[in-house]
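Colleague: If you want the building blocks of each chain, they are given just below.
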Amino acid sequence: MVLLALLLIPFLTALALMLARPTNTARHIALGSTIASLGLVALIWWSYVPGQTWVPVKFDWAPTLGLTFSLGYDGVSLLMLLLTALVFPFIIAAGYRQNLQHPSMVNALLLFTQSFLFGVFTAQNAFLFYIFYELSLVPVFFLLLYWGGERRRAITVRFFIYTLLGGLMLLFGLAYCVTQTAPISADFAVLHALRIPADTQVWLFWALFLAFAIKLPIFPFHSWQPDTYTMAPLQGTMVLGGVMLKMGLYGVLKFVFPIVPFGVEHWRDTVIWLSIIGALYAGIIAFRQQDLKRLVAYSSLSHVGLLCAGLFAWNVYGTGGALYQSFAHAVLVVSMLYIVGALKERTGTSELGAMGGLKGKAPRLAALFFLVMINAVALPLTQSFVGEWLMFNGLWQVDGWMAFAAVATIILGAVYMLYAYQRAMLGPDRWKMEMPDAGRNDHLYLVPLIAITLVLGLYPAPILDLVNGPVQQMLSTLTALN
Amino acid sequence: MSALILTSVLGVVLLYLGLSGNKSILAPTAIVGLVAAGVMSWTGWNPGLMEFPTMLKFDQMSTLFNCAMIAVTVLLFLFGIDYYRRMEENVAEHYALMVFSLTGALILTSYTNLLMLFLGIEILSIPLYILAGGKKRSYRSSEASFKYFLLGSFATAFFLMGIALIYGVTASFDLAVIGQKVQAAPNNVLFLLGAFFVSIALSFKVGAVPFHFWSPDVYEGAPTLVTAFMATVVKTAAFAGFYRFLQMTAMPPALSDTLLVITILTLFLGNVVAMRQSQFKRLMAYSSIAHTGFLLMAVLANSAMSWSTLFYYTFTYALATVGLFIVLTLAKRAANGNEAIVIFRGLFRANPWLALVTMLLLLSLAGIPLTAGFVAKYQVFMLAIGAGFIKTAVFAVFMALVGIYYYVLVIREAFTPAEETPVLVVSPINWLVVSACGVAVVAFALWPVLVG
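Chains as they are written, first to last, in the numbering used here: chain Y, 1 to 482; chain D, 483 to 934.
Careful: at least some of the hints might be erroneous.
Stated by the list, open to error - Computed cross-link-like contacts, DMTMM-like style, restricted to lysine to aspartate or glutamate with a CA-CA straight-line distance of at most 25 Å:
{"no.": "1", "chain 1": "D", "residue 1": "K663", "chain 2": "D", "residue 2": "D541"}
{"no.": "2", "chain 1": "D", "residue 1": "K873", "chain 2": "Y", "residue 2": "D199"}
{"no.": "3", "chain 1": "Y", "residue 1": "K361", "chain 2": "Y", "residue 2": "D437"}
{"no.": "4", "chain 1": "D", "residue 1": "K873", "chain 2": "Y", "residue 2": "D437"}
{"no.": "5", "chain 1": "D", "residue 1": "K814", "chain 2": "D", "residue 2": "E901"}
{"no.": "6", "chain 1": "D", "residue 1": "K617", "chain 2": "D", "residue 2": "E821"}
What the hints assert, rightly or not - Here are the simulated distance ranges between beta carbons:
{"no.": "7", "chain 1": "D", "residue 1": "P668", "chain 2": "Y", "residue 2": "A154", "range": "48 to 56 Å"}
{"no.": "8", "chain 1": "Y", "residue 1": "Q290", "chain 2": "D", "residue 2": "Q761", "range": "37 to 45 Å"}
{"no.": "9", "chain 1": "Y", "residue 1": "L12", "chain 2": "D", "residue 2": "P910", "range": "52 to 60 Å"}
In case anyone wonders, no lab produced these hints; they're calculated from the structure. Every residue, glycine too, gets a C-beta built ideally from N, C-alpha and C.
With the hints as constraints, model all of the structure from the sequences given.
Modeller: Set out below in structure tokens:
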């Protein structure tokens, strides 16, 4: 019942917001709802017994299609639930500074997204997963269409179509897998026990993986990402970069690895190299960006490339590290984008060329930016360092050159982030006007996020313990197969 | 059986009621009659019972199809109350012709004899030729009628040729007898040729490429209500007829290959051409061709599951289409008769609920989860994959994506604020019908068990 409540709290709040349309209290209500969800997830985490897959909700929905409504979680699901629940209050809170039109609608759409994301991360039936996966796109579509920036009409449709291309291929792959089961069932437990012939797996791999490759996105399926991230309203970008792309990682773990292990073995090197190429390429482009938000978009692209490479390293270090890093990345994206918003609010622009010398005017904001940035460049003692180090180790076990290239992306990351910081904050003061320094609200927002980063950087065990069990179990079944 | 008799009588009654000059009793009478026919059809469910010694069979499949078609016609007539009130003087003929056409449709779902198939198709089509020209003073409507009539006659000629050949080989019109004879000698060239000709005629009726040329012009020219009728009831009936026919032939490889080519062409052309349409009715015409492609995939798979998938798909497609055509009519009135897609702009501001339902209906046609269209497409994919048409299924996936593109463009229009918010006048009945379509499309997705 807890899981059902988890889905229903944001969903019903969103419905209420949509129907009642309060203008002044909408943000408070939404914030309250997300905090309640966070509390619930904390409760689930607290009562979690490691190494278990827990399926408390299950009833038949449409047996002829193999669809059952079953919700449950294991360690990996729990990690994803945790990061979704943790990040969403911050995403809602970011709305207090944005003053978008129709706040009740914005918050309703955000809460719908959260509800569907919880659905994705708890679904124990592949078909149910797919339904939530596609549904989560609908509120985001409207968020972008109504509150996006320039050229939003064209970019939104492109984003939608791109994502659905993957989604439909996934549906095809799913339909294929389901027709192989007897009696027909799309439960993950049944699908994972399927033994599909190796040569079928070679092409089925792409049918299943393409959706997630686009969602993440990895090179060369990324061309929707920079425009969409830049054009989206700040909160929309937070949702896309902070949480939605994690559906890609999660999907790979749920669909690709267990169902088509031979396919993975066949394509693993290709995927890793594509990811690393993408990471390097995005890093180089990020260096040349003039717009801070666009730079964050490219840096996210670069980080995600590395994440995907780590995931496909297919050992405890790489896969576990990628999962750990996905948590770090969510926190990072939200805090980084908040800084972008704060700077834009003060200077009226996100052009790096127009900024400069802000440190003198707003020293506290500069300090906060710096603390966020050291996480972005994966300095030791931060959360990102743990994740990236693990992934680097994982890749080293696969191939030395891969690890070498992965390190290069980390160096590139440090270069473009520091360069951006330098251009925005340091140098001669170009601003004649007075501007407010980071206030109480900014601290309330950023300090907890930075604290999470540092604490988990020092003591990563809580998160790693969650992930280790399921990952080791999965890898051991895979090695048994080969 | 009694449903069939009732609808035939109902048509005649409506014609005479038209003489009384009282327009307002036509629609209620027709609706009451149809509901009665629906109930009779449902209670007359008798698996395996043959009527007219061996001419018609009312089994589970035909009962479900009949009830669905009657239900859709009722929805259309409810819409007709408002639609015909504004239109013309003599509307009794319109109702009567549509009921006659429905009678043909009922025969088409339950025939067990090729002669009945022929009768069904003709009873279905001849009223349509007249209905397409319903706007007497409209040049385009007359063109639609004439075009449909000419090409339809052509298809009939093919059809008769086909039956003649089949009769020549098997000396019977009875499906069961022909089926047995065919199994004894599966690759008889003359039989194949006959089956091929009949398939061409039926492909014409369902609007499959390359026999689709009539549909965009006819859809555009015909009165909107008739367009909606053609896109829903007629297509449903034609597919039921097609399926029964192909079941009988046991799908020899030559026929299956031909149909595969037709399916691929239909999927491709319907979807790709729809992308470039700026008129909503033409868009719906090409989208209808595209859906024909998906339905053909289910027919092609030719498994025991096929008919329930066909039923689910056509019924939910019909619901979405009826709702959309009503919304089109409302928007068209607000835009002074313009039928372009841009007239949907500002719909959300003008009437949020209507915009929301429009979105649901379009999403259903596009096949996005939690709408019935998604479940339908998924079933089609399962059938096609199960029957081994894997590459076709992949191709269909890409075409479904193209489909999503043009439906999303319409959704985007509906949710983009217009410079001048249109003023929509929605009568309570229309509101009810559109809402019912929207709710049904979601409800059938949530409980697919409800149908089939």
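Colleague: Next, verify each hint and record whether it holds.
Modeller: Status of each hint after checking the structure:
{"no.": "1", "hint": "D/K663 to D/D541", "verdict": "holds (23 Å)"}
{"no.": "2", "hint": "D/K873 to Y/D199", "verdict": "holds (16 Å)"}
{"no.": "3", "hint": "Y/K361 to Y/D437", "verdict": "holds (7 Å)"}
{"no.": "4", "hint": "D/K873 to Y/D437", "verdict": "violated (61 Å)"}
{"no.": "5", "hint": "D/K814 to D/E901", "verdict": "holds (17 Å)"}
{"no.": "6", "hint": "D/K617 to D/E821", "verdict": "holds (16 Å)"}
{"no.": "7", "hint": "D/P668 to Y/A154: 48 to 56 Å", "verdict": "holds (54 Å)"}
{"no.": "8", "hint": "Y/Q290 to D/Q761: 37 to 45 Å", "verdict": "holds (43 Å)"}
{"no.": "9", "hint": "Y/L12 to D/P910: 52 to 60 Å", "verdict": "violated (29 Å)"}
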